[in-house]
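**Q** Based on these hints, arrange chain B on the given structure of chain A.
Residue strings, one per chain:
There are 2 protein chains.
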Amino acid sequence: MSAYFNEANSAHVVNERMAPETSPRLQEVMGSLIQHLHAFIKDVQLRPEEWETAIDFLTRTGQMCSAERQEFILLSDCLGLSMLVDAIHHRRPEGATENTVFGPFFVEGAPEKTMGSCISLDEKGELCLYEGIVKDLNGEPIAQARIHAWSDNADGFYDVQQPDQQPKWNNRGVFTTDADGRYHFIGIKPVSYPIPDDGPVGQLLKQLGRHPYRPAHMHFMIEAPGYDKVITHTFVQGDNYLESDTVFGVKQSLVTAFDPIEHPQAQWRSTFDFVLVPHPRTSTAT
Amino acid sequence: MSAYFNEANSAHVVNERMAPETSPRLQEVMGSLIQHLHAFIKDVQLRPEEWETAIDFLTRTGQMCSAERQEFILLSDCLGLSMLVDAIHHRRPEGATENTVFGPFFVEGAPEKTMGSCISLDEKGELCLYEGIVKDLNGEPIAQARIHAWSDNADGFYDVQQPDQQPKWNNRGVFTTDADGRYHFIGIKPVSYPIPDDGPVGQLLKQLGRHPYRPAHMHFMIEAPGYDKVITHTFVQGDNYLESDTVFGVKQSLVTAFDPIEHPQAQWRSTFDFVLVPHPRTSTAT
Numbered sequence: 002m003s004a005y006f007n008e009a010n011s012a013h014v015v016n017e018r019m020a021p022e023t024s025p026r027l028q029e030v031m032g033s034l035i036q037h038l039h040a041f042i043k044d045v046q047l048r049p050e051e052w053e054t055a056i057d058f059l060t061r062t063g064q065m066c067s068a069e070r071q072e073f074i075l076l077s078d079c080l081g082l083s084m085l086v087d088a089i090h091h092r093r094p095e096g097a098t099e100n101t102v103f104g105p106f107f108v109e110g111a112p113e114k115t116m117g118s119c120i121s122l123d124e125k126g127e128l129c130l131y132e133g134i135v136k137d138l139n140g141e142p143i144a145q146a147r148i149h150a151w152s153d154n155a156d157g158f159y160d161v162q163q164p165d166q167q168p169k170w171n172n173r174g175v176f177t178t179d180a181d182g183r184y185h186f187i188g189i190k191p192v193s194y195p196i197p198d199d200g201p202v203g204q205l206l207k208q209l210g211r212h213p214y215r216p217a218h219m220h221f222m223i224e225a226p227g228y229d230k231v232i233t234h235t236f237v238q239g240d241n242y243l244e245s246d247t248v249f250g251v252k253q254s255l256v257t258a259f260d261p262i263e264h265p266q267a268q269w270r271s272t273f274d275f276v277l278v279p280h281p282r283t284s285t286a287t
Numbered sequence: 002m003s004a005y006f007n008e009a010n011s012a013h014v015v016n017e018r019m020a021p022e023t024s025p026r027l028q029e030v031m032g033s034l035i036q037h038l039h040a041f042i043k044d045v046q047l048r049p050e051e052w053e054t055a056i057d058f059l060t061r062t063g064q065m066c067s068a069e070r071q072e073f074i075l076l077s078d079c080l081g082l083s084m085l086v087d088a089i090h091h092r093r094p095e096g097a098t099e100n101t102v103f104g105p106f107f108v109e110g111a112p113e114k115t116m117g118s119c120i121s122l123d124e125k126g127e128l129c130l131y132e133g134i135v136k137d138l139n140g141e142p143i144a145q146a147r148i149h150a151w152s153d154n155a156d157g158f159y160d161v162q163q164p165d166q167q168p169k170w171n172n173r174g175v176f177t178t179d180a181d182g183r184y185h186f187i188g189i190k191p192v193s194y195p196i197p198d199d200g201p202v203g204q205l206l207k208q209l210g211r212h213p214y215r216p217a218h219m220h221f222m223i224e225a226p227g228y229d230k231v232i233t234h235t236f237v238q239g240d241n242y243l244e245s246d247t248v249f250g251v252k253q254s255l256v257t258a259f260d261p262i263e264h265p266q267a268q269w270r271s272t273f274d275f276v277l278v279p280h281p282r283t284s285t286a287t
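Chains A and B supply the protein sequences, listed in that same order.
Residue numbering for the first sequence is 2 to 287, as defined by my numbering.
Residue numbering for the second sequence is 2 to 287, as defined by my numbering.
If we strip away everything but chain A, and leave its shape as in the complex, we get (with noise of 0.2 Å):
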């Protein structure tokens, strides 16, 4: 075989540049990218003018990034790399909670309160009673569990997006398990909202003829101590979104009913027990 690059040969000379001593795991990764690329390119018979738009959208969505807004991600979300990622990595038995994607608007650091606080400080939106147990497959309650919490508000902006305009920590709060598992603290019914469209991953979004909608949810992230970590949305039944979520996070376990209910805070009632497995073991455990 010619040592020179052609149509025929093409990923094949690219990856056998590789030095023997690269990283067998980087050799893995680039060797399977560079054929599915040079597939993609052949199986469509990318033409150059096209080859210089996609070379103009990333460097566009490369310069739209900064500390607040990573485009990058955002592209990943709508191409549904993100949640296949996940999906890989949180495989987990019939009957735990299944993940979702995390999302860029977690902050270390919200506030610790006590069960039954209310974490949304803007009084606006309806309120929503949150409540469950945190439990392992057994159905044995899990103590000491922390459940943090995050919504947007209902504006559909999540109070990092607007500092001037929410007051800090707006929705967000971290709660601690009693022996008994059990959780309950007021929120917002969240509301469905569009991510940030008004960049390239947006324009991408329009030409596709999608909408950048996500469906209202709660965003939760259990930590138990012995258990695998849960990051994970419960989402509104009812939402016209479901079925859409522009960033495909939804799965049909994590939909939840919305109920009015007669309370002196809340209007609604969202119950949801989440559902942990034991950390794997390790094999080198001492």
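Where hints are given, some of them may not hold.
A pair counts as met if it fits within one copy or between any two copies, since identical chains are not told apart.
What the hints assert, rightly or not - For lysine-lysine, the following PhoX-like pairs were computed, each having C-alpha atoms within a straight-line distance of at most 25 Å:
(1) K114 with K125
(2) K43 with K252
(3) K207 with K169
(4) K230 with K43
(5) K169 with K125
(6) K169 with K114
FYI, nobody ran anything at the bench for these hints, they're computed from the structure.
**A** Okay, now just chain B, sitting in the frame of chain A:
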């Protein structure tokens, strides 16, 4: 099939979101891209921390781009993607001059020169007489062909990379053939040089154990009415990097002898005939 995304149906669900009125070509290109990217992630079981590395790499690549630097084109070049697109769209009959990468250093508006002129203006390097014929597949000379020639200087830099150190239009010129199709001019015998490797692409090459060098070459672009434009290089026979050009631009037919000569102006001679093919006839010609 569920409308919800999972590991098994992922590419299908993403592609189903495209609206029916999306341009058929965009559907074809995006459909194939999504399938290949999802297959890649599944093939290598891409890990969340690797995904983060990729997001960071793409972001830094975009942010390295400026008016003088196109890091995404460098990336495409080093992964063989640019040459593959070029190869697919410039399939030519046996005997015709082959294309290679355009490169980022062409500049519109270089001076028209009379045959025999010297394009090297900085008195650096060893001079070479470039000569040959522009002709068609039957060997008939092509008159009024415009030949754009450009190269690095003897230090391995193009004039546009060193605007303060090199004379304007150093090692650039445009020549027009007479009735005999012949060309001849003086330039330097070019030298091999590294592509800019102080950015993310250079870091990637290092991790892959690859050097950043291109073998020495003279750039040519040949335009003649009625013929396909040729964008190519001639490569210096014997160069150390011919078989490892970091952008995969070398083709056997473009490797050219540089022979020592006795000549008042030049130490070397490089003879190369350019063979052009007619424009494809369009069925809608009027």
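**Q** Is the C-alpha distance from K114 to K125 at most 25 Å within one copy, between copies, in both cases, or in neither?
**A** within (20 Å within a copy, 73 Å between copies)
**Q** When Cα atoms must be at most 25 Å apart, do K169 and K125 count as within-copy, between-copy, both, or neither?
**A** Within one copy only: 15 Å inside a chain, 64 Å across chains, cut-off 25 Å.
**Q** For K43 vs K252, is the C-alpha pair at or below 25 Å within one copy, between two copies, both, or neither?
**A** Close across copies (19 Å), not inside one copy (35 Å); limit 25 Å.
**Q** Between the shortest in-copy and the shortest cross-copy C-alpha distance, which are at most 25 Å for K169 and K114: within, between, both, or neither?
**A** within (15 Å within a copy, 68 Å between copies)
**Q** With 25 Å as the alpha-carbon cut-off, assign the pair K207 and K169 to within, between, both or neither.
**A** Answer is neither: 33 Å inside a copy and 44 Å across each miss the 25 Å cutoff.
**Q** Go through the copies and call it for K230 and K43: within, between, both or neither, with a Cα cutoff of 25 Å.
**A** For K230 and K43, the Cα distance is within 25 Å only across copies (23 Å; inside one copy 41 Å).
Hint 3 alone, counting from the list given before, is not met by this structure.
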